[in-house]
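Chains as they are written, first to last, in this note's numbering: chain A, 1 to 565; chain B, 1 to 565.
Heads up, a few of these hints could be off.
Repeated chains share a single entry, so a pair holds when one copy, or any two copies, can fit it.
[Said to hold, decoys possible] Within a straight-line C-alpha distance of at most 30 Å, the following computed DSBU-like cross-link-like pairs (lysine-lysine) qualify:
(1) K254 x K127
(2) K260 x K63
(3) K12 x K384
(4) K206 x K275
(5) K485 x K254
(6) K275 x K260
(7) K490 x K179
(8) K127 x K63
(9) K91 x K396
Quick caveat, the hints were computed from the structure, so don't treat them as lab data. As the structure is a prediction and not an experimental result, all values here were calculated from the model.
2 protein chains.
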Amino acid sequence: MKLDRLVGERFKEKPSDCVVESHALMVRGGYIKYVANGIYSSYTPLKRITRKIEQILREEMDKIDGQEVQFPVVMPASLWEESGRYQSIGKEMARFSDRNESPLVLGMTHEEAAVQLVREYGQSYNKYPFMIYQIQTKFRDEARPKSGLIRVREFTMKDAYSFHTSQEDLEQYYDKCHKAYERIFARAGIPEVISVASDSGMMGGKISHEFMLLTGIGEDSIAICSDCDYKANLEAAENIVINQKSENAEPLTKVHTPDKHTIEEVCEFLNADAKNSCKAVVYQRNADDKYIVLFLRGDLEVNETKLTNHLGFEIHPAVISEDSGLNAGFIGPVGLDGDFIVLYDRSLKNLNNLVCGANEIDYHYTGLDLDRDLENVEYYDFAKIQEGGICPKCGKHSITVSRGIEVGNIFQLGTKYTKAMNMTYIDSEGKSQYPIMGCYGIGVGRLAAAICEVSHDDYGPIWPKAIAPYQVHLCAVRPDDQEVKSFADKLYQDLLDKGVEVIYDDRNVSAGIMFSDADLLGVPLRVIVSPRNIKQGVVEIKTRDKSYSANPSMDVAFEEILKLL
Amino acid sequence: MKLDRLVGERFKEKPSDCVVESHALMVRGGYIKYVANGIYSSYTPLKRITRKIEQILREEMDKIDGQEVQFPVVMPASLWEESGRYQSIGKEMARFSDRNESPLVLGMTHEEAAVQLVREYGQSYNKYPFMIYQIQTKFRDEARPKSGLIRVREFTMKDAYSFHTSQEDLEQYYDKCHKAYERIFARAGIPEVISVASDSGMMGGKISHEFMLLTGIGEDSIAICSDCDYKANLEAAENIVINQKSENAEPLTKVHTPDKHTIEEVCEFLNADAKNSCKAVVYQRNADDKYIVLFLRGDLEVNETKLTNHLGFEIHPAVISEDSGLNAGFIGPVGLDGDFIVLYDRSLKNLNNLVCGANEIDYHYTGLDLDRDLENVEYYDFAKIQEGGICPKCGKHSITVSRGIEVGNIFQLGTKYTKAMNMTYIDSEGKSQYPIMGCYGIGVGRLAAAICEVSHDDYGPIWPKAIAPYQVHLCAVRPDDQEVKSFADKLYQDLLDKGVEVIYDDRNVSAGIMFSDADLLGVPLRVIVSPRNIKQGVVEIKTRDKSYSANPSMDVAFEEILKLL
């Protein structure tokens with residue numbers, strides 16, 4: 001393809017609305033065009049990249065006996081009512097009615113469609129296991145699309161669904177798919193992707209993993225043990241606390257703390273360590289605004305995912321009203337009276353001599369001992385693990401927290417969907433059973449953007465060979481020079497004839513413009529034909545990542561390029 | 001792939017809700033699964049077929065310098081407001097609002113998105129011409145989805161958009177694309193597809209063609225000249241009528257025609273030929289129910305497409321109310337009084353001695369001569385061309401009418417979209433101009449179904465080699481026979497190693513079940529290994545279309561199969 005025919009514009013200035021580099025480079029390089037919030041069109045270079053990623057996905061899914069199918073983008077609401085998710089999923093799901101007022105939804109995931117497709121097929125145990133997958137457009141009405149293709153509303157996804165007759169069989173297949181995912185990320189040029197235990201969220205099921213590409217711009221926080229192989233999304237990471245009661249137990253004493261509202265202010269005022277305080281964090285149930293008061297150690301933060309999972313309903317940070325019975329800033333466990341859900345984090349277990357609110361304006365207690373001062377306290381895990389925290393696997397203080405982009409996920413779904421949608425099979429003993437499911441997703445556009453995010457320099461993306469839009473970027477500097485033009489033309493044709501994907505720049509522009517456009521296209525191998533090179537009888541070859549450059553003589557240039565590919 | 005692992009069911013009984021054969025065979029063969037009205041999931045065999053079709057489309061689009069891009073499925077309403085189609089398109093377009101109440105639509109075609117993508121790129125004449133295309137899911141809320149994949153609501157389409165600086169350049173490219181379409185249909189195994197002139201409908205523009213696969217179940221009627229190369233969709237076909245006045249002009253005479261309402265009843269009662277009558281057909285404007293009274297010769301039918309195009313607004317067949325001033329069954333041009341739009345078809349030109357309604361219950365006129373009895377009558381072309389009608393090109397009475405499935409269409413759009421959306425370029429003389437567009441569509445699923453419709457027998461589809469889900473269907477009849485099993489297993493592996501797409505049936509079922517499943521999968525080459533064949537030292541090879549069969553000896557069977565592929 002000749003660069004001067006390539007539809008799309010390339011430019012130098014970083015667009016002001018781009019926060020992350022992959023977003024800026026994809027706009028500057030003519031990869032994407034904004035259509036609406038979280039909705040983009042793709043130009044040819046990106047389309048070539050995503051098609052290569054899709055082909056890798058297809059090959060690796062086929063290798064683990066996946067069968068490619070296709071589910072609809074538009075589905076009847078009734079299908080989602082069967083699973084219960086028509087009700088349980090909120091505004092992320094786009095809903096509309098057709099001309100006959102039948103309610104429809106846009107697919108954001110396809111568990112329901114997968115069960116519907118195979119419900120009749122899978123009626124006997126001897127059909128199992130099997131896996132079906134698709135590569136298709138999805139729409140999720142994200143509240144805050146951002147970072148270009150990292151978080152969008154419309155996206156292409158590879159989603160796979162496996163069906164099994166035993167948990168052991170699911171687990172075996174789950175491992176197989178885990179390995180396939182490792183191969184996929186390695187083939188796509190990011191072998192450094194790690195898998196971490198994750199929260200299953202709206203998907204259901206117990207065990208799930210996310211594949212994370214570590215980068216500072218990632219939206220997820222990941223707890224990684226520097227000593228063993230423990231890795232988990234912060235949302236799912238267990239927080240272990242080992243406390244010891246002080247031997248000098250103080251009595252519970254009310255103290256005057258005028259205008260000290262936050263736990264930091266109170267601790268400073270009372271000269272106490274935040275670790276020796278019991279702070280209250282208040283939420284409200286979305287459905288009816290009922291208050292939930294959570295107590296945890298003053299130096300920790302709430303992990304809202306764990307809290308929501310425990311409660312089993314959606315919550316939001318509280319807006320505390322005057323008639324609530326809560327004295328904001330002075331809430332404590334002793335003497336708290338009202339129709340609240342009260343919860344205790346296990347970071348408070350086995351502590352005494354704590355500072356806490358006295359449920360009275362301008363007063364706190366010191367000397368709190370929950371065991372002594374309250375009855376029947378139950379402790380659960382609601383706090384975020386912290387840098388330097390205790391690894392839940394090896395028990396050492398070896399947790400580090402990193403940021404990452406989720407580029408894939410796998411879930412052991414269990415029988416959530418097959419039960420809800422009444423999909424059964426007859427087992428070898430003639431008994432009716434529910435199949436056990438797994439599901440496995442990779443977002444294509446996000447993967448491309450994530451790769452760009454970890455593989456670029458100031459001038460453009462550095463695409464790994466396997467997914468680069470072209471393999472060779474041929475520049476004819478000064479194509480008005482007859483020798484340059486005819487040599488470059490021939491090289492272009494020879495490479496095309498060999499089936500090499502070449503982008504050929506023979507525009508009458510400066511070398512500077514040529515090279516900055518080439519940087520933005522990020523093609524692995526750059527070949528430069530110029531009057532100076534011709535004079536020396538050579539061609540200049542460079543890799544985009546600058547790891548290699550050579551000046552082979554003109555007569556071997558073609559073979560040299562083929563060798564490098 | 002082993003057949004016993006292939007997800008999907010195959011069965012003999014024709015489903016009662018399937019009217020056309022391709023629909024029945026695709027359900028019976030485990031190709032599609034109904035999800036909702038006009039919405040299907042695809043099993044692997046169909047997915048393999050459509051992927052091959054898509055690859056053919058891609059290659060042929062690339063050959064005519066197309067650049068693959070991708071537009072969104074979900075688009076903001078504002079984009080369609082720019083072109084005016086947010087208003088002009090009716091219920092076929094799915095509309096919904098996102099969580100912020102922003103109106104969105106589902107793409108049913110992508111002219112607006114194409115212009116949006118290249119509006120900034122195409123600002124100078126030297127960027128032209130260029131063509132961009134995509135292969136993607138579309139949703140059109142059809143009033144009456146039917147015939148399986150022939151008329152659905154959700155479908156995958158290849159849609160291409162070209163941009164030009166002159167009508168000549170568009171026409172040249174349009175011809176190039178016409179030839180690419182011919183190659184596509186030939187490669188997909190249906191070289192018999194014909195192109196016919198068509199009505200441009202909601203797309204706009206003047207010249208357009210549809211590619212039609214002739215078959216009795218087709219929804220379109222096509223006028224074909226048996227004498228010259230004239231071919232047109234009936235909707236777009238000009239109807240030529242040559243009339244001569246009778247020399248014995250009769251006077252206009254009111255006659256009593258009690259209870260004779262239809263033109264057939266009246267003509268029979270008055271012993272007149274329908275050709276000598278002037279019938280009235282009444283419509284109403286959708287917007288305000290205003291009546292439109294159309295007069296045409298009694299033996300002809302109204303072409304509503306031509307009528308709507310003339311009127312420039314949407315209409316529906318009239319419901320004639322009592323206070324309308326119209327006497328249903330007795331409407332005629334003489335003395336017709338009221339606030340109606342009155343139109344005359346050119347089939348009435350130069351006729352006299354006509355029977356027509358007298359606008360009075362139970363009365364008609366005879367002897368009508370529009371020239372004599374009315375003033376200022378203007379005639380337009382509103383009638384359907386008929387079998388035996390006059391060819392608008394060669395002028396002979398040589399029109400035949402056939403039915404066909406539209407498998408592709410191409411449009412010369414002109415500047416409709418670029419003007420409406422203010423896309424301009426600076427021409428070589430520094431003047432601002434609107435680019436001229438063409439657009440080119442092929443529906444992937446419909447093409448697969450249409451091919452099945454014209455290429456099947458009573459037992460299943462006969463897939464052309466280029467799009468068949470597999471190339472070889474290997475049957476091991478009596479796999480419990482050690483010799484059969486080990487020979488067939490080895491053949492399967494050898495073929496796989498050669499990269500041949502094989503579906504291997506080694507189930508312990510009767511030959512009858514094996515062969516009927518093979519018929520339903522429609523794979524071009526069937527290879528049968530059985531105890532009887534083994535005893536004779538041969539393998540049986542048959543083509544699905546029954547044009548070829550052979551029994552090569554076992555030791556050359558592998559080479560023989562490769563030769564046949």
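Hints versus structure:
1. K254 x K127: Result: close neither inside a copy nor across copies, 69 Å intra and 79 Å inter.
2. K260 x K63: Neither: 63 Å inside a copy, 74 Å across copies.
3. K12 x K384: The answer is neither: 42 Å in one copy and 59 Å across copies each exceed 30 Å.
4. K206 x K275: neither (32 Å within a copy, 78 Å between copies)
5. K485 x K254: neither (89 Å within a copy, 87 Å between copies)
6. K275 x K260: The answer is within: 17 Å in one copy meets 30 Å, while 100 Å across copies does not.
7. K490 x K179: between (44 Å within a copy, 29 Å between copies)
8. K127 x K63: For K127 and K63, the Cα distance is within 30 Å only inside one copy (19 Å; across copies 44 Å).
9. K91 x K396: Neither: 41 Å inside a chain and 63 Å across chains, both beyond 30 Å.
Checked against the numbered hints listed earlier, the structure breaks hints 1, 2, 3, 4, 5 and 9; every other hint is satisfied.
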